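Participant: Those protein sequence lines, which keep their order, are chains A and G.
Under the numbering used here, residue 196 is the last one in the first sequence; the count climbs by one each step, no gaps.
Under the numbering used here, residue 281 is the last one in the second sequence; the count climbs by one each step, no gaps.
Since the hints were made in silico from the structure, they are not lab data.
You may find that some hints are simply not true.
[Said to hold, decoys possible] Restricting the straight-line Cα-Cα distance to at most 30 angstroms, the calculated cross-link-like pairs of lysine-lysine (DSBU-like) are:
| hint | chain 1 | residue 1 | chain 2 | residue 2 |
| --- | --- | --- | --- | --- |
| 1 | A | Lys37 | G | Lys160 |
| 2 | A | Lys163 | G | Lys115 |
| 3 | G | Lys115 | G | Lys251 |
| 4 | A | Lys171 | G | Lys160 |
[Said to hold, decoys possible] For the chain G half of the interface with chain A, some residues (derived, Cβ under 8 angstroms), not all of them:
| hint | residue |
| --- | --- |
| 5 | Leu15 |
| 6 | Phe17 |
| 7 | Cys255 |
This structure is a prediction, so every number in the text was calculated from the model and none was measured.
Think of the CB as a built atom: it goes at the ideal place given N, C-alpha and C, for glycine as much as any other residue.
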Amino acid sequence: MNEYVQTLIGILLAAILSENFILVKFYGICPFMGVSKKIDTALGMGMAVTFVMGIASAATWAIYRLLVLLHLEFMQTVAFILVIASIVQVVEMFLKKAVSALYKALGIFLPLITTNCAVLGVALLNVQKGYDFLLSVVNGVCGGLGFTVAIVLFASLRERVEKSDCPECFKGMPITLVAAGLLALAFMGFSGLKLF
Amino acid sequence: MEILIAIGVLGGLGLIFGLILAAASKIFYVETDPRLDQLNECLPGANCGGCGYAGCGGYAEAVLKGEAEIGKCASGGDECAQAMAAIMGVKAEKVARKVALVRCSGYKRVDADGKDVGAKMKGEYEGIKDCLAASKVAGRGPLVCKFGCLGFGNCVKACKYDAIRVVDGVAKVDQEKCVGCMSCAAACPRNLIVPVEYGAHVVIACASNAKGAVTVRGCSAGCIGCGLCKKICPSGAITVENNLATIDYSKCTSCGLCATVCPKKLIVDNNAVEPQGAAAK
């Protein structure tokens, strides 16, 4: 049991910091660049992705058990995409009803969570590492939290960069990409992190 | 056999998720104003930004909320304004179609005696082929005239409708293609481009505010503010201010007398397909 808790905490820390989905694994760069102009919307996007990743981890765990039962493991990718797409649709409808301001702010990036490779990535990773249900969900939720940490940090960087005096040729996307690279470098510092 | 199971499993999963989605769309149904979609249908969908909103969708929303007036869409014109008014249940005034006009006649050409006429150059410009860059060099660019069209086509680049061409060194707007969004006016460092009514028979194709003698030094087709057009105009539509004539189209009857007396031949028929320069060649 003690060992199990250690694994759990290990996964938790790895997903948020040392194996951060955006800054270390380079998954989900599209929303990372697209929805990081303001801290508020970045936080909203992070929350939405966290939610989807958590639910997707749980659902894909169940689907994978079903596929194993029928010896259809080779279909995992296509089945996972189906699950993720459906979940994102439901989340979109829910947000439109419940938090319409966030729905508008996220815009096109909300349906694009469907193709966010962080979500599919976490589902496939869970299978690859052979996590059980609890570990899968923890990995999913913490992966999402790591996404949130990265995108919110990056949004606060961008808000400052926006107002700073930067050379004309670097304005806009170039300086944003440079900033993203520097942030990723900073996160490399966590790669030596090993608790147990 | 395995392939059949695979098809069955994936199809079954699809069916289950489809049902969940159908249920969710019922539970989370949000009523939207059907007029918003209708308004969006009326608008051209070009997202040119001529109305001052982020795009056609933004303008439609503003109209629905009552924040924006109907008829701001230059691209859609009168047809669009009337259709939008019908949806909103109000009456719209008739919207006159406007097109952009480049106020310069300094086409570089050769007259009948073989003399160079049009705008004069004070030197060769070999810098970046860009109006803004050219207008920033010392002495405000290669033309003697400080108002003339530089002809590097910043307006051509700004036009989303392919309505502007540079002919003989001066930009010319194609009235038929122009929708009047005025993106070109914002791109022109000389502020040469203004809106005029579509199909205007007389337009003043010069923007020079310089004194007559100064204008003549730079261009054989610049307005010197002589006032002949003002004197001959029977309806009093022309005024001369700051050495430059302007036409008030609410009074203009398109008689064309001003065009006949203008010594510099810069009052032109905007419906002429070929610009002066190309025609004189």
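Participant: Just pull the numbers of the violated hints for me, sorted ascending.
Facilitator: 2, 3, 5, 7
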